[in-house]
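Enquirer: So the chains spell out like this:
4 protein chains.
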Amino acid sequence: MSTPINVGIIGVGRIGKIHAENITYFIPQARLVAIADVNMTPAIEAWAKGIGVSKILKDPAALLADKDIEAVLICSSTDTHADLVIQAAKAGKHVFCEKPVDLTVPKVKAALEAVRKAGVKMQVGFNRRFDHNFRRVRDLVESGAVGTPQVIKITSRDPAPPPPAYVAVSGGIFLDMTIHDFDMARFQAGSEVVEVYAAGAVLVDEAIGKAGDIDTAIVTLRFANGAIGVIDNSRKAAYGYDQRVEVFGSKGAASAENDTPSTVKLSNEAGVSGDKPLYFFLERYKEAFIAEMRAFLDSVASDKPCLVTGEDGLQNLLVGLAAKKSIAEGRPVKLSEIK
Amino acid sequence: MSTPINVGIIGVGRIGKIHAENITYFIPQARLVAIADVNMTPAIEAWAKGIGVSKILKDPAALLADKDIEAVLICSSTDTHADLVIQAAKAGKHVFCEKPVDLTVPKVKAALEAVRKAGVKMQVGFNRRFDHNFRRVRDLVESGAVGTPQVIKITSRDPAPPPPAYVAVSGGIFLDMTIHDFDMARFQAGSEVVEVYAAGAVLVDEAIGKAGDIDTAIVTLRFANGAIGVIDNSRKAAYGYDQRVEVFGSKGAASAENDTPSTVKLSNEAGVSGDKPLYFFLERYKEAFIAEMRAFLDSVASDKPCLVTGEDGLQNLLVGLAAKKSIAEGRPVKLSEIK
Amino acid sequence: MSTPINVGIIGVGRIGKIHAENITYFIPQARLVAIADVNMTPAIEAWAKGIGVSKILKDPAALLADKDIEAVLICSSTDTHADLVIQAAKAGKHVFCEKPVDLTVPKVKAALEAVRKAGVKMQVGFNRRFDHNFRRVRDLVESGAVGTPQVIKITSRDPAPPPPAYVAVSGGIFLDMTIHDFDMARFQAGSEVVEVYAAGAVLVDEAIGKAGDIDTAIVTLRFANGAIGVIDNSRKAAYGYDQRVEVFGSKGAASAENDTPSTVKLSNEAGVSGDKPLYFFLERYKEAFIAEMRAFLDSVASDKPCLVTGEDGLQNLLVGLAAKKSIAEGRPVKLSEIK
Amino acid sequence: MSTPINVGIIGVGRIGKIHAENITYFIPQARLVAIADVNMTPAIEAWAKGIGVSKILKDPAALLADKDIEAVLICSSTDTHADLVIQAAKAGKHVFCEKPVDLTVPKVKAALEAVRKAGVKMQVGFNRRFDHNFRRVRDLVESGAVGTPQVIKITSRDPAPPPPAYVAVSGGIFLDMTIHDFDMARFQAGSEVVEVYAAGAVLVDEAIGKAGDIDTAIVTLRFANGAIGVIDNSRKAAYGYDQRVEVFGSKGAASAENDTPSTVKLSNEAGVSGDKPLYFFLERYKEAFIAEMRAFLDSVASDKPCLVTGEDGLQNLLVGLAAKKSIAEGRPVKLSEIK
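Residue numbers (my numbering), protein chains in the order written: chain V, 36 to 374; chain W, 36 to 374; chain L, 36 to 374; chain S, 36 to 374.
Among these hints, one or two may not hold up.
Which copy? The list can't say, so a pair holds if one copy fits it or any two copies do.
[Said to hold, decoys possible] List of simulated lysine-lysine pairs, DSSO-like, C-alpha gap at most 27 angstroms:
1) Lys286 <-> Lys245
2) Lys125 <-> Lys52
3) Lys321 <-> Lys271
4) Lys271 <-> Lys286
5) Lys369 <-> Lys286
6) Lys93 <-> Lys369
7) Lys374 <-> Lys321
8) Lys102 <-> Lys369
No wet-lab data here; the hints were simulated from the structure.
Okay, chain V solo, but in the shape it has when bound (with noise of 0.2 angstroms):
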């Protein structure tokens, strides 16, 4: 491994451009040589110069057959990660992968079957596990200071609904929004979910209903250490993004409130008033983009294991699958019938 690590990206819409600008400001371990996207602008050209990108290309497989790369970065569109990911491998590079790896299981199994025979290193982009709260929820429980665990309990609520369109392509609430609770959820339990029965609802958006989704869930989980979760889902909050997580256990509980931008309380004749929740995933997981980016490269410059895998990736998506299954069915799913 050359130091610092030589990266590329494909894909550089949104959560590239983060990775991007994290790794060119915040990493110095790391070394930004390439981006390859298949819609390249001269917007986007332009932004990769300002940040000393020396390869800007259009067509991923020639980033990817670029000799210098040691690491990729796949941010494209999800159809397209899962065969990236595949490619990547092949060609020897270590993969960052951004969530989902796919909307179905045989073709995340394809990619982690790839990963595991080119033995290079693969994180999914779940970031909530590098959240300084979650993460200290987590290290409460590692240190047995709740005991064991017995219900992980999460909110979680986006400050406004996608456009239905979106959710038509994005497989749904559970594939694209609560698969981050269920990664939180396996990740609290430290344990593997085994049964899930979901209850949902059309109450923001009726178009969202239209397009065949849900916009609110509550979502009941069973872990094979016996124990049990629940996650409560809203597609708009009023007040902003609610992302809150609970450990309750034997000895305790340790439960992680939202990040507010200040401090400051107002009294005055209406009551005590202050901050909102931090607007959105952007603001509030602000530093867990960079913190599971370091991660990323110290576990391919150090040659550890990645913290998130592609395995994870996949118990999320089955997961999610069980909990489509079950608000179909209207019965709690076993994850074992999901394939």
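Please build the complex by placing chains W, L and S on the supplied structure of chain V, with the hints as guidance.
Expert: Just chains W, L and S, lined up with the frame of chain V:
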């Protein structure tokens, strides 16, 4: 109706004594004139005299036959509730009945029918509706401040499990403990439950499992108005009585945190620490017990509808039975399936 | 001493009534047998009968002459306190005296001397020492959790200023309002004040300034044990009664925040808002008034030292007079300069 | 002005390095082209090359003579500040000067005069004005939400005392530590200090006392607009860096609490505990250091007034000197008495 209202109490165990003392000390518009307890002891007699009760009886029938008494509090063991309600109603007494009215639907219905025929008031002891925090949440919901309620979330954990022997006669966690949360959920939603899914586990005390019950549960509710609800229960929280409610709606959320003995924080090298929640229901709902009794006696005095009716008692029982069935059959159960 | 202790109250304005009702309803170890008020009215008579007082008098001397009465509460106007303490002591009654004992040092000293000679108990009505929050702070200090106290900080703001006419007779902000904070500071520091510097301003109501007083103040205290203290006062906080205490020491800090009617937060587009503090002293110190009376009667019953003594009353007055002198002369004033 | 602005830094100790890295990584509108340090070492050279600085100098005069450089950051030792400001101004460079400009009034005035004559910008490093919490408080004050400011309260405690040797050269607690709080008080009050009374004590470290300084202080301020202020300082808070501000006014209060590493609470048998404040100024004011530099460079680029001026530096020094005199003479000191 006389002023003050003459009240009799049947059954003066822990909760009966609380009501007795609350009436004596805090509710000048009523007067406790008689108590009856089938397990009368010298200690009870001494206590009753000490608070100025003039008629100290063993036989509930004697109390109900007393023409002076206008309102009766039924605080005896659960299996006697329904019969005593019926007898009290027939005797023309207004009735406050501790929860649950009964563990079976037909007996509850018979009791409600007797009350209806007699034209007397009936209030059931779901005291939490009178808690200052939960009442404030409901006020905010009614004011429109949270918009249309979409998700009702309740955390309800006891500081210590009951003895397994109690579990056997109590009807189990859903009829003994969660029934308060079902009432709270219906109260906050302003709507009836139509479907229940319960996931349970034995994580606190194996003896509870051997007694045929669970000690940890996640219950998902669907309401007639489209809202969904979720309750998480544990028989044992190491940090004490955890009683929180959140109503999430189209315009925002109202959430109630626990009460604590003080607001004091200690900041030192180890961190910043504060009090645990008030220990258990006697501490947390001390004021709520007074407020519910005031409300009952006010309904009697002013001939107004009770704030927690016999119908509420019936609905809460139906939800509890549906939850038990859900656990037994591993599927969501509609309330229409019960009876 | 009889059981219960026979109590008489002289002066049944607002605070006298509160003590009367607290004894009647909450303190079984005492019995209120007599009241005396020079401004007796039919309304007071009706109220007194309603709570079961048998001797309803106009003349304090008649009450003090009553052989049945063992303890007297002096709740009349401030100018009568010292003389009544002296007469009560001479009559062999234990004395609870509302604060301040007097606005002049010689009269307070004379009262204390009479109490000493008579060998009766004397407690002064600095009720805040019995507040659950401030008591908790003091417990933490006494436990050693904050180490050696270094800085005592008190914020004390009223929800609304008194009428300017009151200011003229009350002795001014330091003897009327801040005197409670001086007592709290001494209580928390566990040491006597040796020097005072006060900075004052008229920022709330010009009429207070015209009456020769200030309505806003910062008072710096030096204690005999080396600690320093600071009190900030305002006669008007738009958000209500602001009563906070912090003790900072070598090992950490203990701080008490305000009490609120509920713990409920409303999250919406405007932010996250909660309750204002409890409105004023009747709400905030409701339990503290009961606790101070229990403590006094317990001292009487068990022949134990009172928790707030006549000497405390004297010291608080000295600090108040030093603060007034500091304002008048624009310099720090030593307590040894007073008298 | 070139785009980006060419910046040079004189003195690259801890704070100089922070500014250097902040410009390099976070402020694209500026370019760090040169550093100068009279104590140049190979380590500094390597660090400077690592962040892309092309001109690495020993002599500040050489840097100031460089025609390319448009703005200079003076981060050398305090005793060199004033002379370097004067030289930089004469060389036509815009100046950012770390606080304090100097410990004596004539030298500060000379520096300000040089800046005025040269017509260059000057900003002084009172970084806390750029803290997200304190900025939010000020915004609320400016919006009118707290009404007319009446009381400004600042708590400012360090996690650990400096070495006594430092105390001797720093000018003492008021010129080294409290000077930040004087600036914050003036910022929040929107008015100049006219009188200071300081009470100090040596409670943390006797060696500080032997070095002629104090380590604990309460400072009372009077502002020209009638408001009063109070600052409490300690050189050592066992729980870390305590930085709180409250502005109390006619319509309410805005108060800023500490920042913490996470929002996580652990509830267990011992209580409910959370994080200590962020450890010290590097952690707490990390973003504020970036924001102050952006503001300075923005003032330079857009020819706008600086947000913290040389005059602010002078006023803060005058308040600090008045506080020292107050301690020495045991009386309130008017600012008009200084110089």
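Enquirer: Kindly indicate which numbered hints from before are broken by the structure, ordering the numbers from low to high.
Expert: Violated: hints 5, 6, 7, 8.
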